[in-house]
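Novice: For reference, the chains in residue letters:
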Amino acid sequence: MQFLQLVISGIALGCIYGLIALGFVLIYKATETVSFAQGDLMMLGAFGGMVCMTVLGLPFWLSVLAAMTAMGLMGLLIERALIRPILGQPAFSIVMLTIGVGYLARGLITMLPGIGTDTHVLPVPYKDALLQLGGLIIPVEQLMVMIFTAVLCAALFALFRYTKLGIAMQASSQNQLAAYYMGIPVKRLNGLVWALAALMAAIAGLLLAPITFVHANMGLIGLKAFPAAVVGGFTSLPGAIVGGMIIGVVESLAGFYLPEGFKDIAAYVVVLIMLMVKPNGLFGEQLRKKV
Amino acid sequence: MRFIFKTSYEQDLRLAKHEGHRFWYGLLGLFLLAAPWLLSEYLLAQLTFILIYSVVGLGLMMLAGFTGLFSIGHAAFLGVGAYTQAVLTQMGWPFPLAMAMAGLLSAAVGVVVGLPALRVKGIYLGIATLAFGFIVEEVFARWDSVTGGNTGKTVGAPAMWGWVADSAPSFYFICLVVTVLATLACLNLLRSPTGRAFVAIRDSEISAQSMGIHLAYYKTLSFALSAALAGIGGALYAHQIRFLTPDQFNIIQSIDLLLMVVIGGLGFIHGVFLGAIFLIGLPQAISVVKDFLPEAIGAAPGLKAVVYGAVLIAFVLFEPMGLYGRWLKIRTYLQLFPFYRKGMFKRQKSFQKSDRLK
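Just so you know, the protein sequences line up as chains A and B, in that order. Counting from 1, one number per residue, gives the positions in the first sequence under the numbering used here. Counting from 1, one number per residue, gives the positions in the second sequence under the numbering used here.
For the record, the hints were derived by calculation from the structure and aren't laboratory data. Any given hint might turn out to be false.
Computed footprint of chain A on chain B; a stretch qualifies when at least three of its residues, placed anywhere within it, have a C-beta under 8 Å from a C-beta of chain A [said to hold, decoys possible]:
id	region
1	129 to 143
2	250 to 260
3	304 to 310
Cβ atoms here follow ideal geometry from the backbone N, Cα and C, with glycine treated the same way.
Same shape as in the complex, but just chain B (with noise of 0.2 Å):
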């Protein structure tokens, strides 16, 4: 069990906020660095997918997991990023230019969103994204001259001003610096008076509004984050799947986002990082496992789907804080050693809160 005694308000301002933080950071800092040399090309692949999807994740969780708006549209922003990508490098964009062009462009595109679902909450948030993201899909499949459409659009590997990051390491590296980037930023808005405002905002609409808050200029401040985070991963997506159909950015990737950070744990930064890991990781563990299966199942292709609702299922009805929440247990478990309860963790029994007058 360790105490933290804070002598100044420096202390707890701190990012890392004991030696223990600062050591395990620095040791993950150390394999993620050396991380090339260590594995082999189709891990160090999925590890670049990893970070893409975490900085993708990190613009999901801002809104959904901190502001308490929930999009399931977003795999458009992640298009509009893609291909705002893809065009301007080949128009010989710079690689930093044309990926800060895609994460504005995708930002202005989530402002254009944002202001219908100012009006809206709940549910037809849910829906107005929704529809918004079946528009996007249908513009990238349509509008052939700029996107190629159905058939697809290749993109080079990103280069800059003379240097041209053709390795799998070295585009590696560009993800890893974006992604460390990406979470120091927003780690550091959660904890400015913007982020807590997002986070009142979640809690409970009224009070926030109440405590001085303006609702619509922070909602539409978070759908503009989240949908320029989300554009920066796109970026980096259309890199390194080198092509890009509109089909990439449908439904299925939208909610396979949403998946991601429930399933991570929403409201938790690490939680990104591990849906990501778990997003990557579990078609992986599927194709290995099918070999072990009985051949009805394990060729089944619907096996995937299967897996996917069963975890989803099991995590809403047993683990609602996620991948880091089990963390979060078994690590009080391990300080507090003999003396952890069963009831810590234990969600409250509430009323249904309504969302109607009467």
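Chain A with its partners taken away, still in its complex shape (with noise of 0.2 Å):
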């Protein structure tokens, strides 16, 4: 039973990593940039959604919604003023320029006055709430997480099967230039994708701020977001999802059964032995560059 418990929390916080992870390699296949700023906008996202509720006193549905809102205006900000001046430089000018951005975000929250240094708790309706499942016990911010991913995953799932944009999505990642030629404005949609990834990482934020809380260092744990999308494979949208499940499984079960000081860093190992056994990730496409 208990095994059974630490895996669902496990899985509920396995959904975040895996939601930012959708947030890279959404970006990843779409730009072939890696951006470090992921965990950062999850941040904004959160403290969005806490002004949204405290400050302006709007009810937790609207706020919610205006946080994303915002933060998918972000993403689009963000790719047109810094990402698309830089298309086409080296990988990692871009990867020091998310850096950047995320610097600055965590600057500049932290500089807002009153607000920045403390830590927050986001005043959800479910807060608190239990849910006897049998034996199980569940907190409802758990179920929550796990219910809110696989409606996203479905969403996302219908957008790219079923949207004329989802397909066009779909092209231009696999090959940005025929996309060009055939019509598709691949500039456009760069920043779409941004504005996408912005808004699940908004999501993700909400979410996780029930669990943890609110504060300018959040964004952190987006770090490990990166094994997730590793371990998934880096081009696979699915293999987010999984990956995240299987790093936060893994960082739950390592917190209990191993010594203290492996739960943090269970992420970092499973993914040096997954670079080590199979660096294409369990759902990453095997390509092999020709000259």
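Once you've looked at the hints, go ahead and assemble the two chains, each given alone in its own frame, into the complex.
Specialist: Structure below.
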């Protein structure tokens, strides 16, 4: 029973990792750049939601929507102002750029007087509720994480499968140049992908906030989403979620069964093993570069 | 405008290409030698830090700037060097031997990380080194008997065969000697076949391989050399800071190191030193400017992060060659005086280079 309990809380945390990792994977597939700012976007989303709820006094669902919209616009803005001018530069320049964006976001939030330096509780309606299921006790916060992740995955699946937009995104991620020749507005799509990734980060932040707290450094959890993305294969959307869950469960089990200290590094040990054994991840494509 | 007509191979290989080089570097050398008498104790300590970070930066520049492999966990090597030095000097080893061991151990760890790195490239390598950095930091924190864990570990003054460098100037001179030696070693390495192989790998792995460069060997070598320099830098760092805790070697430190080489100018030895000056100088500059800012901005705790982020973004967007690239432009402008054209250093617009098959 305890084992199952651990697995469930692991999956809930893993869903968060998975959602952040989805953002990485979306951006990576579309533009072949890696965003280190994803965790900090998540932090911004959580802060946005919190400010809407506590300062502006909006109801829960409205503030969630507001935070998501704001973060989507933020994603568009980042892509347009910072990423697009340097596309085509070495991948590492863009990595440094996103690290810079992360620093900036964290710094600006910390500078907000009265809000930035404290930790906050996100006043969600389902706070501290518990669900008794047989012998299992499931906090509703964790359940919400899982439900929302499932819904989001279904929505993404539908987007990529059935809409024109999703198919255009797939095409441009497979071959940008060819997609461009076919009349797909690749640049605008890239902007939308960033918006989508930022939006996803905002959702992850709002889901994570009731479990932990809202504070300026909560974005550091984004660094654990990298292992999730790698384990799933950096180019696979379902892989990101599965990878996230694997990392979450391993972490949760390691925290209980292994000596202290292993919990924090379990994700990184898993990713190192993965890179040695199967560098392309569980769902990654096997690619070889040709001249 | 200076034209150098080379009449012998020896002339081509010289480190100082012309009289101007000799004059200016001579002047710089004189200043560095006289620094303890010219600068206040505080400034001397900052200069010592710049030298130490330069040694570490040389290592990272070798890896990132010349071999094209990016490490987001370089602070781990710094930490391995620092703790090795701390433990060995505590056991009574003389300073140079302990420092050599710190470098060697760090290099060995570098090889261990380098081996899986051979299978992965690009961002995967970054994540592998990131993961490694986190694991090493945790090891520092948990291995109480050796590292002192989170309570920290004190380090004494460097001592060798009866001589103890317990004053700031004497330690400064030790750092100066190590930095000069490391710089000369790097410069020499870069004009040797090994260095050329590194640069070839950076520019194109496939073409390097088809020219007969053994990728696995050279990449591992690059990792080992880079880690060794970081370890030596770590040994000096341990003596300068005198008190080691695991969180000095965390991800923030790793990113600071990367920031240093990127802002200094990737692919230039000069960039390392400019970057180190920048990295050490920026917090000082911020604390000076702080007093002139309104209270709400100046006293805010996030100011440093905002400045770092903004500077990093500005450099990547507007000056990807870093501080040294900016200097190159200014120099070319002066040399060519009325004939400098705006587009001379213009970035080539290229199609996105894909790592993918299709």
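Novice: Now tell me if each hint is right for this structure.
Specialist: We went through each hint and held it up to the structure:
For the region 129 to 143 of chain B, the stated coverage by chain A holds: 8 residues have a C-beta nearer than 8 Å to a C-beta of that chain, and at least 3 were required. Only when three residues or more bring their CB closer than 8 Å to a CB of chain A does the claim for the region 250 to 260 of chain B stand; here the count is 4, and the claim holds. As drawn, the region 304 to 310 of chain B meets chain A at 7 residues by the rule of a beta-carbon pair under 8 Å; at three or more, the given contact holds.
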